[in-house]
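**Student:** Chain by chain, the residues:
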Amino acid sequence: MTEVSVNMDAERAKAHKVRMIRALLPIAGLIFVFVLFNILTGGRMISHMHLAMSQVYVTMIAAMGVFFIMTMGGLDFSQGSILGLSAIVVCYLSHYSIPLAIVGGMAVGAAVGAVNGYFYVRRKIKSFIVTICTMFLFRGLIKFLTTEAPVAGSPYLVLMDSTEFKVMCTLIVVGLGYIAFVHTKFGICLKSIGAGEKAAMFSGIRTDRMKFLVYVLSGAITGFAAFISAIKVGSVTSSGGNQLETQILIALVLGGMPISGGAMARFGNCVVGSLLYVILSSGLTMMGFSTQLMQLIQGVIFLLFVFIFADRKAIQVIK
Amino acid sequence: MSDIRLEVKNISKNFGITRALKNVSFTINKGEVHALIGENGSGKSTLTNMLTGIYPMETGTFVLDGQEIHPKNQVDANNLGISIIVQELGTLSGLTVAENIFLGHEDRFIKCGIRNTQKMNAEANRLLEKYGFNNIKANKMVDEYNFEDRKLIEIVKATYFHPKIVVIDETTTALSQEGREELYKHMKRIRDEGNTIIFISHDLPEILSKSDTITVLRDGDYITTVKSADVKEEDLKKLMVGREVTGDYYRADYGEEISKEVVLSVRNVTVPGIIHDVSFDLHKGEILGFGGLSESGMHEVGKAIFGASYDREGSVVLANGTPINDITTAINNSIAYTSKDRDNESIVINESIRDNIALPSLDKLRRSPGLPFISWSKIKAFALKYALEMSVKMQGTEQFVSELSGGNKQKVVLARWIGKDSDIIVLDSPTRGIDIGVKQDIYQLMNKMRKEGKSIIMISEELMELIGMCDRIIIMKDGTVSGETMRSPDLNEHSLIEMMV
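Chains as they are written, first to last, in this note's numbering: chain A, 1 to 319; chain B, 1001 to 1501.
Incorrect hints may have been included.
To be verified - Within a straight-line C-alpha distance of at most 30 Å, the following computed DSS-like cross-link-like pairs (lysine-lysine) qualify:
(1) A/Lys198 with B/Lys1380
(2) A/Lys17 with B/Lys1022
(3) B/Lys1477 with A/Lys185
(4) B/Lys1188 with A/Lys17
(5) B/Lys1022 with B/Lys1260
(6) B/Lys1439 with A/Lys198
(7) B/Lys1378 with A/Lys198
(8) B/Lys1393 with A/Lys126
(9) B/Lys1385 with A/Lys198
(10) B/Lys1185 with B/Lys1439
(11) A/Lys185 with B/Lys1439
(12) B/Lys1378 with A/Lys124
(13) B/Lys1009 with B/Lys1188
(14) B/Lys1393 with A/Lys17
(15) B/Lys1378 with B/Lys1364
(16) A/Lys198 with B/Lys1477
(17) A/Lys17 with B/Lys1364
(18) A/Lys198 with B/Lys1009
(19) B/Lys1364 with A/Lys185
(20) A/Lys17 with B/Lys1164
(21) B/Lys1477 with B/Lys1284
(22) A/Lys198 with B/Lys1393
(23) A/Lys198 with A/Lys124
(24) A/Lys185 with B/Lys1393
(25) A/Lys185 with B/Lys1185
As the list claims (entries may be wrong) - One side of the interface only, derived from the structure: several residues of chain A facing chain B at Cβ under 7 Å:
(26) Arg22
(27) Ala114
(28) Ala195
(29) Lys198
(30) Ala199
(31) Ser203
(32) Gly204
(33) Ala263
(34) Phe267
Said to hold, decoys possible - Computed footprint of chain A on chain B; a stretch qualifies when at least three of its residues, placed anywhere within it, have a C-beta under 8 Å from a C-beta of chain A:
(35) 1326 to 1340
(36) 1357 to 1363
(37) 1372 to 1381
Since the hints were made in silico from the structure, they are not lab data.
None of these values were measured; they are calculated from a predicted model.
Glycine residues also receive a C-beta, built at the ideal position from the N, C-alpha and C atoms.
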């Protein structure tokens, strides 16, 4: 009997170790990439940290919304278009009032999220199909609105641009997200929907309402990210927010997010992932890689991480 | 030539830290129905799954007719002469009946890389006719047939090539009486042809009447092999559990008055195509049973009460006048429901035991009432308390439910609702595929809850447990109520079956 229990303890320790490796790999990766690029660029990265980090605020805030969506087993490819459209609205409204611009941007984001949510939940169309459609649709709208010239914001907008302000905004948004996800039942409910929607419904979660509202929420969060993006650039061109969705997806997967969502999702995934992604891409840029080569490298890393973090026990087709 | 068909020699198998089989050896003869019994997690299915190539082998050997065999997959096992009929659905959706029957053996219909579909359908139809399943057509999609018919298709699939060994793994629990009779007929035929059946079931009377030899496993250990003629049900229980099964199995009381107090009234409930105009009252402290054939609509009654039916008409109203139209309202008003489809509806498989138990009760596990913040220490303590109360066999509440055996999963489901302290409990097939030890626990638990004044609706295809446990039994037929009887020691299966068919 003792022999058996010793054996069991050893096995349990092993299972624990595997889980630890999974949890620590993104953090280890973050440190490794950071150190590596600092050595390769001869310390240029650390001395230009605010430059390297300038991308991270928008990515991290928007990634948090998508993190919620992916936890409940959905996907969202329309983030880039949401960001672009919201940024246009922010720029328009900034001429009247900055707070109005923030609210307006978030409202537009929420509205696009509601369109996604309506077709996904009510019309039962798979989320990646719906969001690919809205991605094209709203990208078209952005191009139409910026045909004549880029939409310029009020000069006050760019004056607000400071690292302290952006760090503070990001901390507040991510902090609120963390509390909601870890310390209220929001997180457990999302994970349950991702792990088994029908069973979650039979446990008393209003799954349809939840799914809809998470799309709206994610849209609103990206709408806020659009404000951060607008104060950085001051105007929006037809390519505003282009490819944000792929950046977010890569960031989340680098952060250890299981692509099918569910109970293995951790809040840290979106924070660590965004940092890792941004350091990786700005590091590669500082090294002088061409855009094409960077895409290739990112693609290889993306595939590798999906391979490591795919939750094969819960394998199912992504909706 | 010897009579020995299969020798199981020193078979062991581990799943992670779980030792599913420990050095098991015994022999199985030709021309017999050899039953394999044991509680949940005793290793019955593990053994047969290795024999049929579903799980890889670890240590030990199988010797079939003097030849050592190592089945790599199910098709390989088929070629060696071993087939299996599984507990759940074993047919593939989206394929025709004929494609399912000849799955993995299409070669015989393929010429120059082209499949002769007509020839395959003709052959399948010939087999179906030979088996007497004339209502099933080879060229139709399996999806057009119900669970019962799909099981019949599996019987054809598993036995048409006259395999030396057919494994029947708890198939009967999912079948109605007619389906079972059909299966028994073919079991007898296979045995009379000189081939062997390995029969796994939790239904001991069924085991005793249908098998010749019985092998008992307990916690992965081989216990003994006995002749069915030499033992009684009590002996088997003792061998399986390892101790005398004492105390009451079902309820022992008769003639208790049902309270006049109505806690839930169901009026004219119709779910299009499934149930029609069902009305009844549930009283305080009562166990109300629902029986019938699996297609009778009785399972939908449970869903309808829980607000989970699609397009329901009619009303389900609590004593205080609250109408129940959706699941969340049902749960908030102290209604609990365990589904027949446990893995998809009762429990989130790919999630921890902790989250599963706490999920419906999260609102009362807050740090302080009024604020939305949940307390993880309360959640952990809550889950542990009720998991232990139900004696779930686990490594800890962090363990995922998917790693548990069927009986333990059911315990987690029950733990969740006991923790929620619901007053109206709807149990759909609560003992399906569960061994007697746990079954007895569940019956005792139901009795305890009844005495505490909770009301229970028990939906079951097993008439004996309805007779043994219920104050009142409603029998369903073709989606409507076809009869009702009160608890009585004189009640027997036959009077209920008459109302069912």
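**Student:** Could you work out which of the previously given hints the structure breaks and list their numbers from low to high?
**Tutor:** Hints 3, 4, 5, 8, 11, 12, 17, 18, 20, 25, 26, 27, 34 contradicted; others consistent.
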